[in-house]
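Modelling step: build the complete structure from the supplied sequences, incorporating the hints.
2 protein chains.
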Amino acid sequence: MNIKEIAKIAGVSVATVSRVLNHPDSVAPETKERILNVIKESDYTPNWFARGLNFNRTNTIGLLIPNILNPSYMEIAKGVEDVAHQKDYTTFLCNAENAVEKERRYVESLMRRKVDGIVLVSSLLESEDVDAVMKQGVPVVLIGENRNISGIPIVRIDCHGAAAKAVRHLIDIGYRDIAIIYGTTPERENMRKIEGYKQVLTEEGIPLRNDYVMEVANTVEGGYIAARRLIGMVKRPRAIFTSSDLLAFGVIDAMRDYSIRVPEEVAIVGFDNIRMSNLIEPKLTTIEKPMHKMGLVGARLLFDIMDSKEEEDTSSREILLQSKLKIRKSCGHRDRIGEIF
Amino acid sequence: MNIKEIAKIAGVSVATVSRVLNHPDSVAPETKERILNVIKESDYTPNWFARGLNFNRTNTIGLLIPNILNPSYMEIAKGVEDVAHQKDYTTFLCNAENAVEKERRYVESLMRRKVDGIVLVSSLLESEDVDAVMKQGVPVVLIGENRNISGIPIVRIDCHGAAAKAVRHLIDIGYRDIAIIYGTTPERENMRKIEGYKQVLTEEGIPLRNDYVMEVANTVEGGYIAARRLIGMVKRPRAIFTSSDLLAFGVIDAMRDYSIRVPEEVAIVGFDNIRMSNLIEPKLTTIEKPMHKMGLVGARLLFDIMDSKEEEDTSSREILLQSKLKIRKSCGHRDRIGEIF
DNA sequence: ATGAAAGCGCTAACAG
DNA sequence: CTGTTAGCGCTTTCAT
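Protein sequence lines correspond, in order, to chains U and W. Heads up: the first sequence runs through residues 12 to 352, numbered per the numbering used here. Heads up: the second sequence runs through residues 12 to 352, numbered per the numbering used here.
Incorrect hints may have been included.
As the list claims (entries may be wrong) - Only some residues are given here: those of chain W computed to face chain U with a beta carbon under 10 angstroms:
hint: 1; residue: Thr56
hint: 2; residue: Asn67
hint: 3; residue: Ala88
hint: 4; residue: Leu104
hint: 5; residue: Lys113
hint: 6; residue: Glu292
Treat the hints as calculated values from the structure; they're not laboratory data. No experiment lies behind these values; they were computed from the predicted model shown. Just so you know, even glycine gets a beta-carbon here, dropped at the ideal spot from N, CA and C.
Quick look at the structure:
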């Protein structure tokens with residue numbers, strides 16, 4: 012069923028049918044209604060391709076996620092999708108699997124499919140990759156940093172501040188031997204967490220120890236492995252701050268295996284506040300990241316840019332979101348369970 | 012940059028350029044190379060719409076997931092995507108959010124975008140919805156049942172058998188007062204689990220109690236609420252089988268809040284074997300569903316159908332996957348920790 | 001207010 | 001092996 016048939020049945024020209032679809036006001040109410048009826052009766056839908064050939068836009072945006080099995084990322088995705096859906100846009104969700112090549116392939120694929128904009132989450136791409144896309148007139152926004160892509164609109168979390176908040180809390184409740192375990196990804200964010208950690212220790216006059224700073228894969232297993240190394244040390248840390256809850260789970264698991272009580276013998280603070288952090292025993296003290304909000308804000312930023320005139324310079328737009336410290340049991344201070352903002 | 016310009020630069024006709032893109036062998040090696048060079052130099056990409064207008068296919072499939080925040084579903088998604096990616100297909104992942112209307116809207120949207128096939132995960136759609144799609148020549152496969160959509164190719168899990176396996180294990184290790192908590196979704200699967208549960212009890216001559224069968228929302232909170240009801244009963248069950256791990260987590264959480272020891276005072280068996288079931292204390296005995304495999308198998312089935320001739324009747328194809336019982340601590344039998352196949 | 005006709009960029013017969 | 005040409009289904013001037 013195509014526009015020609017509709018035109019024939021309604022006894023008008025294709026142009027008129029096209030008009031009722033695109034500029035309804037420019038057609039006589041009477042004929043319009045007749046055509047609309049025919050369209051409904053024969054449940055006709057305009058051909059997507061023919062339409063695109065003329066308009067060159069698709070009401071579709073691309074969304075690149077590092078790992079779809081990670082619910083935190085999917086919360087961002089949901090935020091993006093919520094906004095897109097509301098604007099009658101469809102979202103292409105792509106699973107980059109933490110691989111630049113895969114990410115690049117997906118971006119190509121998205122460009123071929125003529126998406127109207129792209130949201131990158133913790134992207135591993137280089138600035139040039141992004142430039143190539145934007146040069147084609149497709150706006151890109153970044154949610155969450157990973158590497159140093161500069162000159163592109165971004166919404167990110169104040170990781171430095173959040174880490175500082177966490178470490179300062181540990182110091183406040185009496186710990187001084189504090190280790191940090193961080194994942195290899197997301198690179199840039201984790202660097203900021205380390206900076207925050209180091210800054211607070213330095214401010215407090217606590218000497219930094221290199222062996223208290225460990226990098227591992229950002230997985231439960233990674234946390235387990237790092238914890239085991241920490242456990243084996245002569246001077247074992249009394250508190251451990253991890254760059255993600257997954258790592259913290261691995262640490263807790265290791266502690267259980269080695270019969271070291273949490274938080275009595277070692278305090279643990281995570282990062283992310285994923286669902287399970289509140290279900291594990293002991294409940295995990297952690298940083299709550301506003302993932303869904305990041306998605307919302309990121310998507311809105313993208314649509315802003317898509318709607319704005321070409322001339323405006325949007326490259327420097329940056330939105331910084333704050334996160335809260337959720338104090339629960341794993342960091343070991345009975346008197347201050349609650350939330351700090 | 013379009014095909015015409017390429018043709019001009021290369022000094023050939025558009026047809027020849029088109030040919031090197033679609034039937035490379037039908038072009039003289041020499042001209043082919045020349046054209047290929049021009050294409051590369053000017054990084055030209057064939058226009059998606061023009062192409063689609065002729066072919067009427069997109070190398071794109073649609074994938075409808077009930078909830079993208081649920082990692083189990085995302086494992087299926089990954090399986091589907093793995094196959095699609097390998098076949099050079101792109102996947103449109105849609106988050107139906109357990110809502111029929113939303114699902115319907117997405118299917119429409121996918122059809123408009125001319126996807127070549129659709130994978131439905133635990134769909135809430137009616138048979139008519141699916142028929143409408145298939146009538147348009149777009150094949151559909153279902154992964155995991157939810158309602159009774161019949162006459163459509165499906166890959167599903169033997170939930171009846173799996174539940175029976177779990178309950179029989181509980182009986183084997185000495186329990187007789189066994190409750191079942193099941194989520195409202197996925198409807199059909201959970202019905203089968205109840206059947207399996209009832210069948211085994213009946214076979215063992217254990218009288219069924221209606222108040223031992225509880226339906227709640229399929230969430231941690233749902234499990235918590237149901238558990239609290241169970242705790243308040245005069246004759247409290249000694250073992251609880253839940254239709255999902257999330258529910259089991261809620262149950263464990265409730266037991267902790269009410270100081271009831273698991274598994275000493277109450278045994279718990281979950282369903283799904285999600286990541287966290289192995290990290291929670293006590294580690295959860297559960298049914299391991301081969302999610303990723305379901306995705307792989309489902310996608311392969313879809314591609315099979317897409318590749319097959321129209322005439323073949325594929326409507327009755329059904330693939331039944333078995334799942335394992337993972338015996339861990341929460342069901343309380345020290346002597347038999349391990350795996351049963 | 002409506003119709004005729006010229007594309008949008010590409011593919012596939014059909015000739016040569 | 002290559003060029004010419006007629007569409008694919010739709011939108012949009014340009015007439016009327």
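How the hints compare with the structure:
1. Thr56: holds (6 angstroms)
2. Asn67: Because about 8 angstroms separates Asn67 of chain W from the closest Cβ in chain U, which is inside the 10 angstroms limit, the hint holds.
3. Ala88: holds (6 angstroms)
4. Leu104: holds (4 angstroms)
5. Lys113: holds (9 angstroms)
6. Glu292: Given a least distance of 5 angstroms, the restraint on Glu292 of chain W holds.
Hint compliance for this structure: every hint is met.
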